[in-house]
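Assemble the dimeric complex from its two separately framed chains, guided by the hints.
Chains as they are written, first to last, in the numbering used here: chain U, 241 to 403; chain P, 19 to 120.
Some hints here could point you the wrong way.
Listed next, the stretches of chain U that the computed footprint assigns to chain P, with coverage defined by at least 3 CB atoms under 8 Å from CB atoms of chain P [to be verified]: (1) 277-288; (2) 308-316; (3) 331-345; (4) 380-394.
It is worth saying that the hints were derived from the structure and are not from the lab. These numbers were taken from a predicted model, which means no experiment stands behind them. In this text, a Cβ means the ideal position worked out from N, Cα and C, and glycines have one as well.
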Amino acid sequence: MEQTFFYILAVVVLVATLLAITERHAVHAIVYLATSFFALAGIFYLLGAPLVAVFEVIIYAGAIMVLFLFVIMMLDMGQPEKARGPSLKEWWPALLLGAIIIGAMSTLFATNLPETLAKWSYTDARQFSRVLFQRYGVAVEVISLQLLFALVGALYLGRRKQP
Amino acid sequence: MIVPLTHVLFLAGIIFVMGLACAIAWRSNVIMILIGIEIMLNAAMLAFVGGGSHWRLVDGQVFSLVIMALTSSEVSLALSMVVYLHRRKKTVNADEFSEMKG
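With the rest of the complex left out, here is chain P (with noise of 0.2 Å):
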């Protein structure tokens, strides 16, 4: 461990903040919601590197792999999704699809 695990987990904090901030002030658009998605979870994926080189357990890698695997697929169906509202409805803007038939 190069640095303090609290730096590290301060570093995720922020991240995590930042992620979740481009989510609720871009809740217009379907894509930027996902964007923040994406940096939360980067953020969760360094908490537990950081801890696993802090404690010195491969484990936290694991379940790295396991967040990284959890993330592709969500993208793929999330973007699947969109394309096809989009197909339907010619907008990304979430407030649109509010209703289930249409």
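Only chain U is shown next, with the shape it has when bound in the complex (with noise of 0.2 Å):
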């Protein structure tokens, strides 16, 4: 049942992946992108992390592509007639590393198959808090630290120019 779940889900990522990175038209590229972003939600929730899938839908699907649509509709390149895609001699270097890479990978996986199925584990939010911030405690002050700076350096950048 759950294994038929992720196959479903796992597919519906690669469709709307690659819809996204071949559509013309920014907007329907951002909104293909949020639904490959649910459905990878959906498969973290499978694997036993539903704090990384809620994030992972409010931080991703929620925050950051709202941010990329504000920013295409602000710089007003919502429209499909003025954009121009990637003709075939852009792809073609794309297509040659990405096969590549698909090769190596499938060649990798089927020549040592250790099918060992590990029981299925759920992290609730305690276990994981737990481990982020007793062991961990460092790197949330980082990201703190780093958010900072990006709030910053994001505010100086934006800022208008001084008549």
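Structure (structure tokens):
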């Protein structure tokens, strides 16, 4: 049952991401990407990480994608007739590189397959926050400093020039 | 763990390749490069969560939270930079931003 859900969500993620990266219209690409992130949140939940799934929906689909949408609308890029997608000349290095990476990965996974299914585990918020704040307390401090720096930098870059 | 770890890693690898292809193919559009970076970081998060679920450690989820914080600060800085550059040159073409003074 859960396996079926996993594979359905994996297909949804792959198709939505593929549509997002080939879409010429920037707003449509963002909406496809939000779909992909929702499906990825479902995968995180199935993998026993409900807190990460919730954060994925709140932060990625809720905050970051809306930030992208705001910027695209602010810069007035939402006109498909003016947008120009990459030509075939620009696609082939990406396709070549992707084919090489996927081929290497397939051979790696086809050679040794220790199919040991560990027992399904579920991490609730208590365990998660215990590990986060006890073992990785320094990381939380560093993250908060980094967010502060990003805030200050964004405010500096986004200020209006003095007349 | 409901599926083998290799399937999760394979999915993460394909998503990563898609993000890489997006960042390479749309290299003349700053916004699409940022979207490609987002997709790649998501694939890394999926790999971390899958590993944490396989070995039954919470550390993978903690690191995916760190990646999320990194991504949000990176996106906010990069998008404010895009707005700033667009205000100066009226374009989001990455080739236009080849000089520091302008």
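Holds or violated: the stretch 277-288 of chain U covered by chain P, criterion of 3 or more residues with Cβ-Cβ distance under 8 Å?
-> This one holds; 7 residues, not fewer than the three required, reach chain P with a Cβ under 8 Å.
Cβ contact check, 8 Å cutoff: the stretch 380-394 of chain U against chain P, three residues minimum | Answer holds; 8 residues pass the 8 Å Cβ test.
8 Å C-beta test of the stretch 331-345 of chain U against chain P, three or more residues | holds (count 9)
Do at least three Cβ atoms from the stretch 308-316 of chain U come closer than 8 Å to Cβ atoms of chain P?
-> As far as the stretch 308-316 of chain U goes, the hint holds, because 5 residues have Cβ atoms under 8 Å from chain P.
In the structure shown, no violation is registered for any of the earlier numbered hints.
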